[in-house]
Amino acid sequence: MTFFFEVLIGGLLSGVMYSLVALGFVLIYKASGVFNFAQGAMVFFAALTFVGLNELGIPFWLCVPATLAAMILLGLATEKFVLRPLVNQPQITLFMATIGLSFFIEGLAQLMWGANVRGLDLGIQDEPIQWISDATTMNVSKFDITAAGIAAVLVTVLAVFFSRTRIGRALRAVADDHQAALAVGIPLQQIWGIVWAVAGAVALVAGMLWGARNGVQFALTFVALKALPVLILGGFESIPGAIVGGLIIGASEKLAEVFLGPYVGGGIEGWFPYVLALLFLLVRPEGLFGEKIIRRI
Amino acid sequence: MSAPKTESVRKIGDTILKLENISLAFGGVKALTDISFDVREHEIRAIIGPNGAGKSSMLNVINGVYHPQQGTITFHGDVRHNMRPHDAASQGIARTFQNIALFKSMSVLDNIMTGRTLKMKANFIEQALWIGRARREEFAQRAKVEQVIDFLEIQHIRKTPVGRLPYGLQKRVELARALAAEPTLLLLDEPMAGMNVEEKQDMCRFILDVNEQYGTTIVLIEHDMGVVMDISDRVVVLDYGKKIGDGTPAEVRGNKAVIDAYLGVAH
Ligand SMILES: Nc1ncnc2c1ncn2[C@@H]1O[C@H](COP(=O)(O)OP(=O)(O)O)[C@@H](O)[C@H]1O
Ligand SMILES: [Mg+2]
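Chain order of the listed sequences is W and F. Going letter by letter, the first sequence gives residues 1 to 297 in the working numbering. Going letter by letter, the second sequence gives residues 1 to 267 in the working numbering.
Hints were generated in silico from the structure; no laboratory data involved. Take the hints with a grain of salt, since some may be wrong.
Said to hold, decoys possible - Heads up, simulated BS3-like pairs for lysine-lysine below, C-alpha to C-alpha not over 25 Å straight-line:
1. K159/F to K30/W
2. K104/F to K119/F
3. K256/F to K30/F
4. K30/F to K18/F
5. K200/F to K104/F
6. K30/W to K104/F
As the list claims (entries may be wrong) - Label-pair distances were calculated between CB atoms; the ranges are:
7. Y262/F to G100/W: 50 to 56 Å
8. Y262/F to R84/W: 43 to 49 Å
9. P240/W to Y240/F: 49 to 55 Å
We put the CB at the ideal spot given by N, CA and C, even for glycine.
Sequences and hints are given; from them, build the entire structure.
Spelled out as structure tokens, the structure:
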């Protein structure tokens with residue numbers, strides 16, 4: 001039983017990091033209906049820029065705001081030069097544009113900082129926390145706990161911001177109805193700019209955490225693919241959905257690997273989330289927290 | 001909104017909105033052809049006409065959703081070129097939509113708060129940190145919004161997500177959101193469509209109250225001829241994108257072209 005909980009907790013904690021990536025998708029999708037394929041590239045860009053600056057001899061604490069500034073600039077530029085000229089185009093056009101964008105961002109990152117794999121040391125070890133092991137004989141990673149804590153703080157801050165301020169209200173309004181948002185004087189482009197900048201900031205946090213865990217390398221862009229089952233589970237427009245979806249995917253893939261894996265020869269962690277998402281899609285296509293889709297005929 | 005005055009501030013004044021020779025086409029479809037009319041301060045100006053006559057298009061031209069290929073729009077003495085909805089809002093034009101355009105997942109209160117968007121000045125940083133102006137503004141605007149809520153008698157649903165409300169109340173919330181902006185010109189696209197008799201009467205009363213107590217100029221699209229004749233000062237009649245009548249309700253009612261259009265003759 002202890003072992004079960006150990007696996008479960010490990011899974012939930014890594015799930016928080018999936019939530020983080022999914023959150024970036026949800027923000028942009030909610031505000032502008034764009035499925036931002038480049039979210040993974042942004043995570044990669046952030047991690048690489050952070051390490052690159054650090055290698056130039058810039059102290060760690062300064063690299064954070066510097067990379068944050070770079071991510072915000074990248075987000076604003078994307079809105080202005082890619083999305084804004086394409087406004088009112090069909091969704092598929094916008095989606096294609098973000099595919100192009102992802103190649104551009106990946107290329108740009110490697111052009112600036114080179115393509116070799118680097119380590120990213122946040123100074124937090126991936127080792128069991130002693131007192132928890134002593135008290136419960138469970139191994140809970142210090143790194144996982146810290147990463148989950150950081151993600152939780154970020155999510156809370158965003159949630160409060162979006163529920164209590166004018167900009168947050170404007171964002172939700174834009175998500176619900178463009179025409180009406182314009183008519184009450186909400187500056188659509190400003191809101192989109194803010195959303196892209198915030199998505200850039202979320203990508204930075206995700207990039208640092210994932211980079212520290214798996215190394216800063218091109219494979220970071222695939223983290224975005226892990227967000228896909230999370231989005232299917234949680235719904236594309238729901239922030240709570242992204243969080244809960246991430247936790248479910250994280251926990252279930254680890255549990256599946258450990259408890260089902262041995263019967264089928266292992267290695268199911270990689271595809272189990274997609275199967276789960278697919279099954280879920282058949283039962284509840286609108287996602288965990290999505291509005292039930294009712295068609296009027 | 002300022003405190004309602006007991007006596008009427010309604011005294012029809014000078015022209016505040018003038019539309020001259022407006023033509024609007026969507027590809028081959030001529031939605032509006034060479035339309036001119038004016039709106040005077042404090043009046044209730046109705047636009048009527050059969051389905052597809054171009055009424056909604058006209059409203060969309062006024063608040064900058066559509067840009068006519070020809071014609072000029074003069075508002076408060078300034079000629080407008082390609083004005084966008086955001087500019088219209090900042091010049092005091094508020095509106096409701098034919099197909100309710102509310103923020104469905106948000107509460108009634110939050111919906112109405114968005115009507116005050118342009119009155120709020122706190123910047124991103126202030127809002128992110130919830131300091132200074134951001135906090136003060138939120139409370140001050142909230143007070144204004146409560147006045148609108150009282151005025152339209154929707155206290156009991158203020159926390160309800162709009163998507164769960166019945167149609168008639170949604171229409172009322174949409175009016176509330178428009179009023180929250182304290183507009184000088186209010187555009188209403190079929191505010192009573194789909195309502196039962198009682199709801200219609202309420203809506204009529206609210207429209208008249210807004211006009212009387214706050215002096216708001218109102219341009220109103222409505223299908224129900226009885227309602228139009230009762231509450232409007234002057235009426236424009238459109239048919240197939242052309243203006244076929246313009247005048248007081250009594251004048252319009254006696255107009256041969258109007259009677260034909262409404263009875264479906266000569267089409
Ligand atoms: N965005 C649009 N694109 C193409 N055609 C439009 C658009 N908006 C209105 N129309 C057309 O313009 C004409 C007038 O429509 P509308 O203004 O909605 O009429 P009404 O409100 O009087 O029923 C109709 O033929 C309609 O199909
Ligand atoms: Mg219409």
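Hints the structure fails to honour:
none
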